[in-house]
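Peer 1: Model the placement of chain H on the given structure of chain Z, informed by the hints.
Taken in order, these protein sequences are the chains called Z and H.
Residues 1 to 238, numbered by my numbering, are exactly what the first sequence covers, in order.
Residues 239 to 456, numbered by my numbering, are exactly what the second sequence covers, in order.
It is possible that some hints are incorrect.
Stated by the list, open to error - Straight-line C-alpha distance at most 30 Å; calculated DSS-like pairs for lysine-lysine: (1) Z:Lys-53 <-> Z:Lys-131; (2) Z:Lys-131 <-> Z:Lys-230; (3) H:Lys-452 <-> Z:Lys-53; (4) H:Lys-454 <-> Z:Lys-131; (5) H:Lys-454 <-> Z:Lys-53; (6) Z:Lys-131 <-> Z:Lys-227; (7) Z:Lys-131 <-> H:Lys-452.
Quick caveat, the hints were computed from the structure, so don't treat them as lab data.
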Amino acid sequence: MEYNWNWSVLWADPYLGWLISGVQWTFAVALAAWVIAFALGILIGVGRTLPNKPIAFICTCYVELFRNVPLLVQMFIWYFAVPEIMPDDVGRWMKRDMPNPEYVTAVVALGLYTASRVAEQVRAGIQAVGKGLTSAAYANGFSTAQTYRYVLLPISFRLIVPPMTSEFLTIFKNSSLALTIGLLELTAQSQQIAEFTFQGFEAFTAATVIYVCIALMATVIAQSLEKFTKIPGFVGKG
Amino acid sequence: MGDFDYAVIWNNLPFLWEGLKLSLWLTFLAIIGGIVLGTGLALMRLSGFLPLSLFAATYVNLIRSVPLILVIFWFYFLVPLAIGRPIGGFYSALIAFVMFEAAYYSEIIRAGIQSVRQGQVHAGQATGLSYWQIQRYVVLPQAFRNMIPILVTQGIILFQDTSLVFVVSLRDFMTVSSIVARTEGRLVEMYVFAAIIYFIICFAGSMFVRRLQKAKTA
Chain Z
1 MEYNWNWSVL WADPYLGWLI SGVQWTFAVA LAAWVIAFAL GILIGVGRTL PNKPIAFICT
61 CYVELFRNVP LLVQMFIWYF AVPEIMPDDV GRWMKRDMPN PEYVTAVVAL GLYTASRVAE
121 QVRAGIQAVG KGLTSAAYAN GFSTAQTYRY VLLPISFRLI VPPMTSEFLT IFKNSSLALT
181 IGLLELTAQS QQIAEFTFQG FEAFTAATVI YVCIALMATV IAQSLEKFTK IPGFVGKG
Chain H
239 MGDFDYAVIW NNLPFLWEGL KLSLWLTFLA IIGGIVLGTG LALMRLSGFL PLSLFAATYV
299 NLIRSVPLIL VIFWFYFLVP LAIGRPIGGF YSALIAFVMF EAAYYSEIIR AGIQSVRQGQ
359 VHAGQATGLS YWQIQRYVVL PQAFRNMIPI LVTQGIILFQ DTSLVFVVSL RDFMTVSSIV
419 ARTEGRLVEM YVFAAIIYFI ICFAGSMFVR RLQKAKTA
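Chain Z with its partners taken away, still in its complex shape (with noise of 0.2 Å):
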């Protein structure tokens, strides 16, 4: 095996900006994709979980549709397609005037895709607090709205918070995908550091180990928040 180490390129000039800059974007696309994910999500897993039959239909419909499309197909779908089934001045509009419009389609892909996983952890938390709880409150007169709003969210969120952790970390990983619609994130910069200085093995190696260091960080805050949040009595599971 031969191979030139230099370890140095990664804090050359321009590759370590090229590196930052990667970082940044791949938390910008994450963060604000997590944001759509974790409101519309817990609204479609609740959805799901309702006596109201074409709701719970539709939410299903929803949850099936995006995880049975792989993210890159739905990514090359918000890009390519979208912009030309849309009337005429939005098409136009989305093609020539969106502000930065690889970032805005990542977000709302990865968000939307994304929401469909956090919907089934949702419906799974609610379907685990069991039909006891949920009889007990109907047969003391609450509400539909009064029973998800006092018993069924307040137990099943505390009960999904490992697997929500999870599929936080994972919305990071998917961030990734934002290359393939030409968004410079951390690994399409790695990519790109590879391809300009021959330094594969460099590159890869220093955003790999940013992606350990994300990956920690975050099993540390789920570790703490589960912490906070177990529900003394309940066996640790969702």
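Peer 2: Relative to chain Z, chain H alone:
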């Protein structure tokens, strides 16, 4: 949507089919490789021998914290360097997928092995079976039977993941669809078509999983 052009799909069907075959073949080989390597990692992790279990744990956690695209880039770069000559995109991608998915499979298999009751192992030991005989005849058959639905689910995820070979231009279904989309200037038709095909295959797969789960609990 009125000017949806079906002809572009029809005319390129043989080319698209070649891509789909590559996707399915890659998925199939990566599932086999991933399960074999994943079983090895799971056994190492549960071996009780510290260096082995530490190695397996480090590997699994490392792979699970980086994106698949980065792993694909890594192996595209490393494999030719390690072997000393280029071996073609398909094999580099296959190695990347096996190494990546093995980490995920090993976590599934580890949970499956742990779901086999300890009494079964003791019974095996009392009957005079060796460690390997216990794994081979007692633990793994029961573990795998419990795991089948999750293993299939992971297989569906793996099939979706194969679309990422797009980043190294390997001609799978996704890459081929986007080649047609660009050369024919028919982006909407081709990406919607790709989405429909992926959806049909993955949805059928998850229906199959649901049936397996029902059969298991019944």
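Peer 1: It remains to establish, for every hint, whether it holds in the given structure.
Peer 2: Each hint tested on the structure:
| no. | hint | in the structure |
| --- | --- | --- |
| 1 | Z:Lys-53 <-> Z:Lys-131 | holds, 18 Å |
| 2 | Z:Lys-131 <-> Z:Lys-230 | holds, 21 Å |
| 3 | H:Lys-452 <-> Z:Lys-53 | holds, 23 Å |
| 4 | H:Lys-454 <-> Z:Lys-131 | holds, 22 Å |
| 5 | H:Lys-454 <-> Z:Lys-53 | holds, 28 Å |
| 6 | Z:Lys-131 <-> Z:Lys-227 | holds, 26 Å |
| 7 | Z:Lys-131 <-> H:Lys-452 | holds, 20 Å |
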